[in-house]
Amino acid sequence: MADMTASQQPKTAARKGDTTLGHIAYVLKDNPVTMLAFAMLAFFLGCAFFGPALVPYDPLATNGARALQPPNWDHWFGTDNLGRDVFSRVVVATRLDLTISVAAVALSFVIGSVLGSIAGYWGGWLDAVLNRCLDTIMAFPLFVLAMGVVAALGNTVENIIYATAIINIPFYARLVRAEVNIRRNAGFAQAAKLSGNSDLRVLAVHIFPNALPPMMVQVSLNLGWAILNAAGLSFIGLGVRPPTPEWGIMVAEGANFIVSGEWWLAVFPGLWLMLAVFTFNLLGDGLRDIVDPRKRT
Amino acid sequence: MILGRVAQAIPVVMGVVVISFILTRALPGDPAAYFAGPAADEASIAEIREALGLDKPLFQQFFYYVGDLARGDLGTSLTTGQTVMSDLAARLPASLELTLVALLLSCGIAIPLGVLAATRPGTWVDHLCRILVTAGVSMPTFFTGIVLIYVFYYLAGIAPSPLGRLDFIYLSPPHVTGFYLIDAALAGDWETWFGALKQLILPATTLALFTLAPIARMTRAAMLSALSSDFIRTARAAGLGTRKVLYGYAFRNALLPVVTTLGMVFSFTLGANVLVEKVFAWPGIGSYAVEALVVSDYAAVQGFVLAMALLFVALNLIIDIAYALIDPRIGLK
Chain A
1 MADMTASQQP
11 KTAARKGDTT
21 LGHIAYVLKD
31 NPVTMLAFAM
41 LAFFLGCAFF
51 GPALVPYDPL
61 ATNGARALQP
71 PNWDHWFGTD
81 NLGRDVFSRV
91 VVATRLDLTI
101 SVAAVALSFV
111 IGSVLGSIAG
121 YWGGWLDAVL
131 NRCLDTIMAF
141 PLFVLAMGVV
151 AALGNTVENI
161 IYATAIINIP
171 FYARLVRAEV
181 NIRRNAGFAQ
191 AAKLSGNSDL
201 RVLAVHIFPN
211 ALPPMMVQVS
221 LNLGWAILNA
231 AGLSFIGLGV
241 RPPTPEWGIM
251 VAEGANFIVS
261 GEWWLAVFPG
271 LWLMLAVFTF
281 NLLGDGLRDI
291 VDPRKRT
Chain B
1 MILGRVAQAI
11 PVVMGVVVIS
21 FILTRALPGD
31 PAAYFAGPAA
41 DEASIAEIRE
51 ALGLDKPLFQ
61 QFFYYVGDLA
71 RGDLGTSLTT
81 GQTVMSDLAA
91 RLPASLELTL
101 VALLLSCGIA
111 IPLGVLAATR
121 PGTWVDHLCR
131 ILVTAGVSMP
141 TFFTGIVLIY
151 VFYYLAGIAP
161 SPLGRLDFIY
171 LSPPHVTGFY
181 LIDAALAGDW
191 ETWFGALKQL
201 ILPATTLALF
211 TLAPIARMTR
221 AAMLSALSSD
231 FIRTARAAGL
241 GTRKVLYGYA
251 FRNALLPVVT
261 TLGMVFSFTL
271 GANVLVEKVF
281 AWPGIGSYAV
291 EALVVSDYAA
301 VQGFVLAMAL
311 LFVALNLIID
321 IAYALIDPRI
331 GLK
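Chains A and B, in that order, give the protein sequences.
Counting along the first sequence from 1, when you hit position 285 you're at 285 in the working numbering, and nothing is skipped either side.
Counting along the second sequence from 1, when you hit position 279 you're at 279 in the working numbering, and nothing is skipped either side.
These aren't lab readings, by the way, just hints derived from the structure by calculation.
Just to be clear, a hint being listed does not mean it is correct.
Claimed, not checked - Negatives, chain A to chain B, calculated, CB over 10 Å: (1) T20; (2) F38; (3) A42; (4) Y57; (5) Q69; (6) W76; (7) A139; (8) A151; (9) A152; (10) K193; (11) V267.
Unchecked claim - Stretches of chain B that chain A covers, calculated by requiring three or more beta carbons in the stretch to come under 8 Å of a beta carbon on chain A: (12) 58-65; (13) 141-148; (14) 244-255; (15) 307-315.
Yeah, the Cβ is synthetic: ideal placement off N, Cα and C, and Gly gets one too.
Starting from the given sequences, assemble the full structure and let the hints guide the process.
Pasting the structure below:
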């Protein structure tokens, strides 16, 4: 990935205690778009935490008398074919979609970090084997591999998470491997080793933390991608089951009504999904500016 | 030299086969009971287990699996009753036609856009490029497709109904390549050709919008770094014309990373294909896999995953070879 060279970012924090914060504030002031991304992130987190308590209607309550109403003051996003309030469903779905993507990214972060650290630090045949395995995963079109994994493991939400995690592992493992590998024999690592730390401790406490800043950028970009992936899988009928509000399913259900003109069923969940992905992508670009100023475009 | 690169692909292909074997064996439930059907009793299930070699150790099963693959036997689809291989072969041209037209379309827009943005930084072209790039990566393909259907089919009424490759008023052209555009042109049937093109435009645009962003982004970045390199300064100082510098030197060097990105983009396209085919009821292998998934027709799904992976490995091979042709410095190690 493009973040591979992010290793030589200026270590301002090491020189003066509070310059990291100062640097972040400076970059943010210079870049209102990143500020906006943080605000949007806060909005989506708010929806995920408090959404189910705040929405005006029960997302599962059907009401035949009010089916397929276009957007109005009672139903901001209209109602679907069963009379359910689209706005409530879209907001409530935030929690599920964010949970899936955060869980998947967290899993691949942890597994990728462990594998990458081991391969980068000890190298040798471990490294070679890991690289071969990652190459093989990357040899699949990733969405297709996710489909295959879900089909093989069974059609549940947990398996969607595992599938998304598996296809994301190579990105983290490679990033960590590169970051660890170039510091394996660095002066500070040797000093830590000489003062009696075990290999494991040097790796975990002294070397690995250096890989964290570029990892954070990757996490943010990946979160958006994981949401797209999960929504795509449920769009084709994998994972989340129909009555549950979820963006991908809502778009899939709404697609049946688009040819007869009821656009609000598919458009609002789709826009919401797009906005969420957009937020994480903006955030990722903004974090990259903070972490690695040379890559600013 | 090319043979050496082909040899490098062999371990990857083996890995792909191993993973697809693992996926096959990780199926929930007993494959024998599944192949025997719901009406089978204990004895016939045991018989099928023996026939399939499922009573053998896993290691031996793997060799049976590889043997079947070598004979082109991917099993039989439950839904169509045909072998998975013949189903995939019949539907692959539809997917390839869609993917290739979409990639041509997006390269045709993205590469000039990236070049313009790089040569005129700060102008409206540059801003347009930046907006397209950021918005493009956030757009779910299935959503873009639905919006396009709404606007061009329902509102504007200029697109045909989003149902498959050809409207029912046309007869499909005689099968030569399976690509309707080529077959119709070969048969000289221009009415059908336009019919097929009209069906193709919306799904191809959907896919193209999705792939536009990474290609434009890479072209812009590669052009910028090529333009700021020493040999361009030398060429300018030597008094070469702007066109010669831009297209003869900078663009040729910028092509390299763009070609690399194309490989990654193709991977995304093959995945996005599945979603787009479902939205437009396109009879390709993606919608075949989705139909198979819905009814738990695993042999078909596994065949699809394997076929996609092999296609992608082959494509990466072609890209690497193309790479060496574009840039003689690289060579094929």
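>> Tell me the hint numbers this structure goes against, listed in increasing order.
In response: Hints 7, 8, 9, 11, 12 and 14 contradicted; others consistent.
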